[in-house]
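Protein chains in written order, with our numbering: chain A, 25 to 111; chain B, 25 to 111; chain C, 551 to 1293; chain D, 27 to 260.
Hints in this document: simulated from the structure, not taken from any laboratory. Hints are supplied without guarantee of correctness; some may be wrong.
Heads up, simulated BS3-like pairs for lysine-lysine below, C-alpha to C-alpha not over 25 Å straight-line [as the list claims (entries may be wrong)]:
(1) A:K37 - B:K67
(2) A:K106 - B:K37
(3) C:K742 - C:K563
For the chain D half of the interface with chain A, some residues (derived, Cβ under 10 Å), not all of them [as the list claims (entries may be wrong)]:
(4) R84
(5) I88
(6) F91
(7) P93
(8) G126
(9) D132
(10) L134
(11) D176
(12) D177
(13) L180
(14) K182
(15) G199
(16) N203
(17) N209
(18) L210
According to the in silico footprint, chain D covers these stretches of chain A (three or more CB under 8 Å from chain D) [as the list claims (entries may be wrong)]:
(19) 77-85
(20) 95-103
All C-beta atoms, glycine included, are put in the ideal place defined by N, C-alpha and C.
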Amino acid sequence: MKTYEVEVRIWLKPSVFDPQGHAVEQALHTLGYAEASDLRIGKYMHLTVQSASLSEAQTRVEEMCERVLSNPVMETYAYTLKEVALS
Amino acid sequence: MKTYEVEVRIWLKPSVFDPQGHAVEQALHTLGYAEASDLRIGKYMHLTVQSASLSEAQTRVEEMCERVLSNPVMETYAYTLKEVALS
Amino acid sequence: MLEPTAAQIRDEKIYRKLGLTDAEYQQVVEKLGRLPNYVEAGIFGVLWSEHCSYKSSKAHLRKFPTTGPQVLQGPGENAGVVDIGDGLAVAFKMESHNHPSAVEPYQGAATGVGGILRDIFTMGARPIAFLDSLRFGSLEDGRTRYLFEQVVAGIGGYGNCVGIPTVGGEVQFSPTYRGNPLVNAMCVGLLKRDEMVTGTATGVGNPVFVVGARTGRDGIHGATFASAEDPHEKERSAVQVGDPFLGKLLMEACLELIASGAVVGIQDMGAAGLTSSSAEMASRAGGGIEMNLDDVPVRESGMTPYEMMLSESQERMLVVLERGREEVAFEIFRRFGLEVANVGRVTDDGRLRLFFRGEVVADMPVAALVDEAPVYERPIADWKPPVPQFVPTTLAISEAWMQLLAHPSVADKTWVHRQYDTSVRASTVLGPGHDAALVKVPGVNKAVAMATDGNSRYVYLNPRRGGQIAVAEAVRNLAVVGAKPLAITNCLNFGNPEKPEIMRQLSDAIEGMAEACEALGTPVVSGNVSLYNETRGVDIQPTPVVGAIGVMDGIEHRVPSAPKSVLEPTELWVLGREDDSLSGTLYGELVCGGPAGDAPYVNLAQEARLHQLLQQVAGARLVAAAHDVSEGGIAITLTEICIASGIGAEVEVADGADAHGWLFSEAQGRVLVAVTSANADALARLAATFNVPARKMGELTGETLCVKLQGALLVELPLNELVATYEGAIPSFFVAEQLTATH
Amino acid sequence: MKWAVIVFPGSNCDEDAAFAIREVTGDEAHLIWHDARDLSDFDAIVLPGGFSYGDYLRSGAIARFSPVVEAVKREAQKGKLVLGICNGFQVLTESHLLPGALLRNDNLQFRCEMTELVVENNQSPFTADYAIGERIRIPIAHGEGRFVADDTTLAKLQADRRVAFTYHANPNGSVQNIAGILNLQGNVLGLMPHPERAVMEWMDSVDGRRMFLSMHRYMKEARALVGANGSANS
Ligand SMILES: Nc1ncnc2c1ncn2[C@@H]1O[C@H](COP(=O)(O)OP(=O)(O)O)[C@@H](O)[C@H]1O
Ligand SMILES: [Mg+2]
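Build out the structure end to end from the sequences listed, making use of the hints.
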């Protein structure tokens, strides 16, 4: 068994309006950060996954993202895996 | 002026309980993903920033994270910057 | 990290960091007969904190009347309980979460709601409503906007999710709260009068359980910090995140467990978590508790006994079950997917004894922890508020009117309460927007009435009279909708009790409140004290907040604050003694730049008669609406009636009164009623029998608000302009989508 | 008639829905815990409002994996009436019984207020007692009620007349003001507003009554028909 550190990012598809991102961008502008634009807010998750191999871990994480963590109707996701060295 | 693509991740400090992450982890277990653990959910943001230099962009983004995007009382953040090649 | 030894705690005065003074530490040593170890010193520190022990206020709280035929449970339990007839009872309490909300407003407010919710279902009551009483600085200030926005979102975030409607409350804005907002939450629950449970650990050998969330390192020392001088910095490490989903499951599971009859005693883990719940439950029973901390379900590894005992992790309860019926609890909690662990047992030796890894890590007399906690008769100084006399000004009536209407304390609060689920449970008969809320009791034609009130300007100007007014106004709101007032709860938000003038405010305000409770027949059955509300040495204005409860038999008798529609000729009457003094008013604050003069007029005997009259009026269904005169005076009360019913009015200033004064006076004991001309005579006769002055002051008509003085037009304001000002005032501060202002 | 009101951990309008059903139709309403696997005994199913699983991750996202949702799907397939209110609507979209998704309100706030709905389709078992174009008053109480769907889906919804209700004044940014939609067969309705909170005089509106009455009558007629054919309905 190996241990992987997984990071998942999920965000709204570009066609879907992101009111929260919009509001935060506005707030940044009001506070003097005019240089910020195109701000969008999504979710960031990290978790650890026990798996026999990298490829198995990948398959499982992919499945979790697809089935549970994101809703493909309006969201897109990306993830990274990193093996954790045993201490 | 250069354009930077910025990704910000924000999550609850380790000492702060994350009920959402906890509930989602439980759900993953019920759904047969017993290998997942330590799941925590935070925010993921991406934005573009116009700046004269990388170091200036960094200073400004750091400030945005500190003052606006995260709540230092309970959250931690990390960010990455990438210069966008002009097309 | 190694824990300090008992000798180090003494020599390096580490006990000070744990919240004990030098003298208190000496007392601990005497009571124990030895030096306390770190766990013990920590436990004494939190239990003897202001927050848990009420050491500065206890002596004064004794002045409150607490009994009456309707009272089933007075102060001292998790909540007070009153009888509402038909074998039913209502449990209710109010609690503050000021300091946590100043640091992390969303979570501070949310966990405040969660905490008061647990206090209610702990009594075996099904929660049926929340109310919230909020105080902030001025909305011109960015940080205040952020606090306001987040606190409101947090209250909704928790209350909406657990499915209990937030049906009323108040929000006021004054520079005095800039660095120290107030967040007081009240919860009301319903139970069968003979099915009440309490937080008592009786029956030697009965098992003790921790149920709900796991214990983590969050919120350690919240209780001590709530009493520390600069809570802001220190509490940064003590932020707790509420879990309303778990809170809802815990509520359902506990109510089911209580209904099973297996529960001997139950208490929520609020401030000082496991420490206060176990010590207080043992103390009430006059016995002891033994716990094995290895069995406490923890969220993080390596937690020490000190951390477990002081953790303020949310959504946990301590339960004592009847021996042999453990299986009932296991079955219920398993079904809800909740943690349940047998951590100890009830003893009869009067000690709180804790084991960890086979060793006794703490062993203290329960009496010393709870009953013998220090009580301070703190010095009280003579004190007069440093304020000017009210001086009449030349501010034009229409201008004053609009300024008052636009003041966020007076203006429409829809921006706030539309973020709350006000109608879940499908029992809200009157929600936000009326003087009191009415929540229907399922299965019978009966409703519980509830309202909160408290005006710090009055208390600051004249603590005793201000205290009287706080109670009078809250209770009056119940009578206005037609309910019979029963009892009150309260939250006493004051400054630093180590200052003799603050103790004067506290002592006098309590005295005034007590007098009003006596006069109005509404004893105090529960409450909460929050002291050290100060920023950099500057104290807030004294702010006692009152939550009042009443009952209405026959919801068809309810009286809304404005007629829904006006189809017949409708007159406006003022009930109560008319007045034209501007001393102590919001008007006075506007023209003088701060509180000025003395608190407004109040007469408790008149007030009591008015309340009786109002109930009779409702019972006889004489009026279409009733609305009491509060901040901003008759001008504002009238405007609110007109806006809500969409019609103008024509009114006449009382004979011989000063027009400014008559319009903007905040003298207490006045109610405007809308009555059809057909019922007006009957109303006048009824008022006379109660010896309450009643005068027809005008009628609802047209599209403007007209005020006349001896027949001559004094001022005329178009209704649509009034609506725009009233409804636009608070939202206008949020046009720039200031979601995430600076922290 | 026998109604099932599904209770997920975190549902909080389950009692309200059961109360409305009993009060308005006189029918039996049973609260059914989310681990039930068989709903064939019931004539109609209501997925009530609330915060199933705290609405963590996305509203309805975790509830959709409850065993009972499979049973709901089966009964829906058979043509039984399924009504999803608020969180129930969110569960229906997450489990693909209805298209689209419900996102955070565009004003970023929870909104609880009376709304005016426009009846867009009165040919369904849920809406037969309303007039087309009629405005009815039903309260909302949600933070995530912004209906979104891609253009193809929207075009299909419109073409099939599957938009049941729209908001007269859009409170949350829903595309095309959509407040409630039907499935293709017309036996599944999801809507954000709460008809069960508008069934008594003292609730400020009684316009929700007709939804329950219309469902009740539809079921009675369907049963009469089945009875006449002599075939059972499961
Ligand atoms: N924070 C709040 N939460 C819920 N309801 C509120 C809140 N603030 C004000 N309200 C409601 O708005 C109405 C007006 O409040 P307020 O001006 O304080 O009334 P009054 O002057 O009669 O005491 C009341 O019905 C009250 O319940
Ligand atoms: Mg009032």
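Taking the least C-beta to C-beta distance, is G126 (chain D) closer than 10 Å to chain A?
Status holds, d = 7 Å.
Hinted pair, alpha-carbon criterion (25 Å max): K37 (chain A), K67 (chain B). Please report holds or violated.
16 Å, holds
Proposed interface contact between N209 (chain D) and chain A, which counts if any beta carbon pair is under 10 Å:
The hint is violated - N209 (chain D) has no Cβ within 10 Å of chain A, the shortest such distance being about 15 Å.
Close enough to count: is the Cβ of P93 (chain D) nearer than 10 Å to one in chain A?
Because about 16 Å separates P93 (chain D) from the closest Cβ in chain A, which is outside the 10 Å limit, the hint is violated.
Status of the hint placing L134 (chain D) at chain A (closest C-beta pair under 10 Å):
6 Å, holds
Mind checking, does the stretch 77-85 of chain A have 3 or more residues with a CB under 8 Å from chain D?
Since three or more residues must qualify, the claim that chain D covers the stretch 77-85 of chain A is violated, with 0 doing so at under 8 Å.
K106 (chain A) paired with K37 (chain B) [C-alpha distance capped at 25 Å]
21 Å, holds
Mind taking a look at whether chain D covers the stretch 95-103 of chain A? Criterion is 3 or more residues with CB to CB distance under 8 Å.
Since 3 is at least three, the answer is holds.
Using 10 Å as the Cβ threshold, decide whether D177 (chain D) counts as touching chain A.
9 Å, holds
Under 10 Å, Cβ to Cβ, is where R84 (chain D) needs to be relative to chain A, so tell me if that hint holds or is violated.
Because about 6 Å separates R84 (chain D) from the closest Cβ in chain A, which is inside the 10 Å limit, the hint holds.
Given a cut of 10 Å on the nearest C-beta pair, is the interface hint for G199 (chain D) held or broken against chain A?
Where the cut-off is 10 Å and the nearest Cβ of chain A is about 7 Å from G199 (chain D), the hint holds.
Per the CB criterion, is D176 (chain D) less than 10 Å away from chain A?
7 Å, holds
In summary, the structure is inconsistent with hints 3, 7, 13, 14, 16, 17, 18, 19 from the numbered list given earlier, while agreeing with the others.
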